[in-house]
Each structure stands twice: as C-alpha cells, then as structure tokens.
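Let's have the full structure, built from the sequences with the hints guiding it.
2 protein chains.
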Amino acid sequence: MKPDAPSPRTQIRRKPQRGHYDFATIAAIVDAAQICQIAFNEGGSVHCLPTACWRVGNHLYIHGASNSRLTRTLSGSDCSVCIAHLDGLVLARSAFHHSMNFRSVVIYGRFIAVDDPEEKKTVLAAFVEHISPGRSALVRPASTAEVAGTAVLRLSLDEAAAKIRNWGVDDDAEDLDIPVWAGVVPLQVVAGTAIPEAGCAEMAKPAHRFPQTAEYESAP
Amino acid sequence: MKPDAPSPRTQIRRKPQRGHYDFATIAAIVDAAQICQIAFNEGGSVHCLPTACWRVGNHLYIHGASNSRLTRTLSGSDCSVCIAHLDGLVLARSAFHHSMNFRSVVIYGRFIAVDDPEEKKTVLAAFVEHISPGRSALVRPASTAEVAGTAVLRLSLDEAAAKIRNWGVDDDAEDLDIPVWAGVVPLQVVAGTAIPEAGCAEMAKPAHRFPQTAEYESAP
Numbered sequence: 002m003k004p005d006a007p008s009p010r011t012q013i014r015r016k017p018q019r020g021h022y023d024f025a026t027i028a029a030i031v032d033a034a035q036i037c038q039i040a041f042n043e044g045g046s047v048h049c050l051p052t053a054c055w056r057v058g059n060h061l062y063i064h065g066a067s068n069s070r071l072t073r074t075l076s077g078s079d080c081s082v083c084i085a086h087l088d089g090l091v092l093a094r095s096a097f098h099h100s101m102n103f104r105s106v107v108i109y110g111r112f113i114a115v116d117d118p119e120e121k122k123t124v125l126a127a128f129v130e131h132i133s134p135g136r137s138a139l140v141r142p143a144s145t146a147e148v149a150g151t152a153v154l155r156l157s158l159d160e161a162a163a164k165i166r167n168w169g170v171d172d173d174a175e176d177l178d179i180p181v182w183a184g185v186v187p188l189q190v191v192a193g194t195a196i197p198e199a200g201c202a203e204m205a206k207p208a209h210r211f212p213q214t215a216e217y218e219s220a221p
Numbered sequence: 002m003k004p005d006a007p008s009p010r011t012q013i014r015r016k017p018q019r020g021h022y023d024f025a026t027i028a029a030i031v032d033a034a035q036i037c038q039i040a041f042n043e044g045g046s047v048h049c050l051p052t053a054c055w056r057v058g059n060h061l062y063i064h065g066a067s068n069s070r071l072t073r074t075l076s077g078s079d080c081s082v083c084i085a086h087l088d089g090l091v092l093a094r095s096a097f098h099h100s101m102n103f104r105s106v107v108i109y110g111r112f113i114a115v116d117d118p119e120e121k122k123t124v125l126a127a128f129v130e131h132i133s134p135g136r137s138a139l140v141r142p143a144s145t146a147e148v149a150g151t152a153v154l155r156l157s158l159d160e161a162a163a164k165i166r167n168w169g170v171d172d173d174a175e176d177l178d179i180p181v182w183a184g185v186v187p188l189q190v191v192a193g194t195a196i197p198e199a200g201c202a203e204m205a206k207p208a209h210r211f212p213q214t215a216e217y218e219s220a221p
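Sequences listed follow chains S and C, in order. Quick note on our numbering: the first sequence kicks off at 2 and runs consecutively. Quick note on our numbering: the second sequence kicks off at 2 and runs consecutively.
Errors might be hidden in some of the hints.
No copy is singled out in the list; a pair is fine if it fits within one copy or between any two copies.
Unchecked claim - Calculated cross-link-like contacts (lysine to aspartate or glutamate; reagent style DMTMM-like; alpha-carbon spacing at most 25 Å): (1) Lys16 / Asp5; (2) Lys206 / Asp171; (3) Lys122 / Asp173; (4) Lys206 / Asp173; (5) Lys3 / Asp159.
In short, the hints are calculated from the structure, not lab data.
As structure tokens, this is what we get:
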C-alpha cells in the first residue's frame, strides 16, 4: 500500500494516481537533480528562484553567498521547493490528450542554516561528489574563509510529495484511427564533449552522472 | 548598452554581470522551455508547482483543467514564474569555484484568463506547435467541450529578467597548477528513440526541437 501524504498541502489532488509519498521515490527524484526552484515571500512579493541543490540523508541542501538575499531570507521563512524532470513528450492523436512524461517533487518547510564549519565542509564536499563522483578528493578543499563566506542551508524532506507520469498515450477510443503518429518522444539530459581549461586537455576527464534516463512503463 | 531592469524586484543584485533584460534574450530562454515553475500563495502557504508553458508574442501561456487549484488561484493573485536550463557543469581546481552554466528567466506579474473560445483554440494550437512543429494540422483539434474544460492563462513578459552563465572556470591564479582536470561538461537535452503506440510504428515520426544546445562563450 502506498504511504499517505504527510500533510494536507502535499496531497496530490489533481490526478492522484500520479502521486507518490515514499522516501525512496522522493529521494531518487531529488538525486537526479542538480538544480531546484524555490518559492518564498520577501519584500511584499512572492519569488521563484533557481539554485543548485543536493541531498544528504533526509535533507535537501542549498548554498549561496552568506550575504545573498536568498540565503538570508530562507533562514527565516517558509518556502516551497520544486524539482521537475521532463522525461518525454506524449504525442496523442487529439490535441487535447497531448501530455508530458515527468518526475517532480514539491517540498514544504523552512530551511535551517548549517552553522558548524566542519559540518559545512562535509556537506559541501558531498555537493562536489554529487556533481562529479570522486572529485572532492582531487580538488583544493574550501578554505576557512571560503567556508565562512558560504551559507549552507538544509530543508527536511519530511513534508514532500512526488508526482510521476511515465507511460504512453491516453487517447479516446474514437480517435485511435486518426492517421497520425502517436507515442512518446523520450527526453534525456546527456553530457557533450568536455571543454578543458588551458593545460587540462591531456588529463583524465572527470566523472559525471549523465546521461540521465528515466524509467518508462508501458501502462499507467 | 544593455537595457535596465524593468522593476526593482527584477534587478539582478547577485552577480549583476549575468543579468539580461532585453526581450530577445528573455524570449529565447522561454522558447527553449517546455515546463516552468510557478510560485504563488494559497491557503496560507507559498507553493512552487511545475506546469507546461509556451510563448506567444509578449506572453507566457499555461493551461490546466478549469477546476484545478493552480488555474483558479493564479487568476486572482500575483505570482513569480521561473524557467531554468542547466547547460553545463563547471569543474574548477578548487571546490569553492565549482559552478554551473545556465540560462534562467524569472517573471513577475499576474496571470489573466483567456476567455474567448476562438482565442483559446488558437493559443492551444500554438502549444502543440511548440511541442511538435507542424503537428497541430495533423491531430484532431480540441472540441468545444474540451476547450471549455481547459483554462488557458497568460502572463505578460514585461516584468522579467534573464540570468546567464555560459563560460569556463574562474579559478584563483594560485590554484592553476593543481593537477586536476578543469573545464566545462556541457549538458543538453536530447530525444531518444521514439516509442510508437500500437499501429503507429510505420507512420512518419513527429517533429520535435531536440537536441537543444546552448551557446558557449570562452570568456565572461
């Protein structure tokens, strides 16, 4: 049996069959992301800003300059974070039934600043590992001043919901004979040819986690 | 000379050299998107939800079921919309100078419902064209009932800002001799092998606009 939504505001009301509330599903979608979008209120406006993110355990982490608006504001106010991966174009025989395959997570809560310098160093190294596995041991670690100038914030994944569509076309029965290609065009993020800095062309290329592909199921 | 920000809240304060306020730059980033994230307040919470989007002229369009929370709420309240494309991993010799290449747009304003059925049909056809050029003439158009059950909303692009990073590594001079590969791993979204519905395998495959690649400049 699927777990229930952790709160009324995470309950998927629109197409609830696409909702998932188990940690493994939520964590996998978060782990496939390098960036998230954060909604918050500041200065009388609602804002939606993108920023880099990574996961350690039950928390989503972000970072930024200690004096930036984003990190200052988020420590003191509720927010909502969205991660969305577009996995495919669902091309139906009718305009109305066109859709998209996707995996998304929405998280509610309040970021808490990570203040301890050693803990900051550990989670910042995890960020480098998230971007390029094995790399944190190869690069110059952050200095004390760099760590002090960087705000690191974490948000619990306790109040989160995932939504997934990963199947084919849902055309009406009476449209099935329309003579147009119908199906799914899968999309994925892939790495192109790495562009080295001067002096690096002969060095071993870095690891990364691309291409990233999504699971495709043949039925809802 | 670059145009100024259209409002105080669109002024890029963090790394202002990455800010762009001209329509062509903003429109190109919007046109490269199939989904956006929308921040809005409802029921005492701030929310961040993903939804499909497309552009016609000076407006961003979204759609949804007429009775959905998103479309009902957005017609009556201010929001912020974010589109972000991750274009590359910037791998530095120091952990601190790791970065990402990206193109993002943030839009502020209030969605307005498109009520006229003929106008709705026109902009919904533009949505199909955005996803698959040439397709709107091949599929069954939306029926009167389908159009009536679909809310279409538009948001002016007048109050918007773009932010772009599309260059190499900004390492400190004293780190340049660290013996680790440094450079950019470009990322792009590509289409995989199309998955036809039953009976469509022999038909002409649909058009789409993938791979999508970003411009890379060698200097800031």
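Structure-based check of each hint:
1. Lys16 / Asp5: Intra 15 Å, inter 42 Å, cutoff 25 Å: intra-copy only.
2. Lys206 / Asp171: between (43 Å within a copy, 18 Å between copies)
3. Lys122 / Asp173: between (55 Å within a copy, 19 Å between copies)
4. Lys206 / Asp173: between (50 Å within a copy, 21 Å between copies)
5. Lys3 / Asp159: within (16 Å within a copy, 44 Å between copies)
Going through the hint list in order, the structure satisfies each hint without exception.
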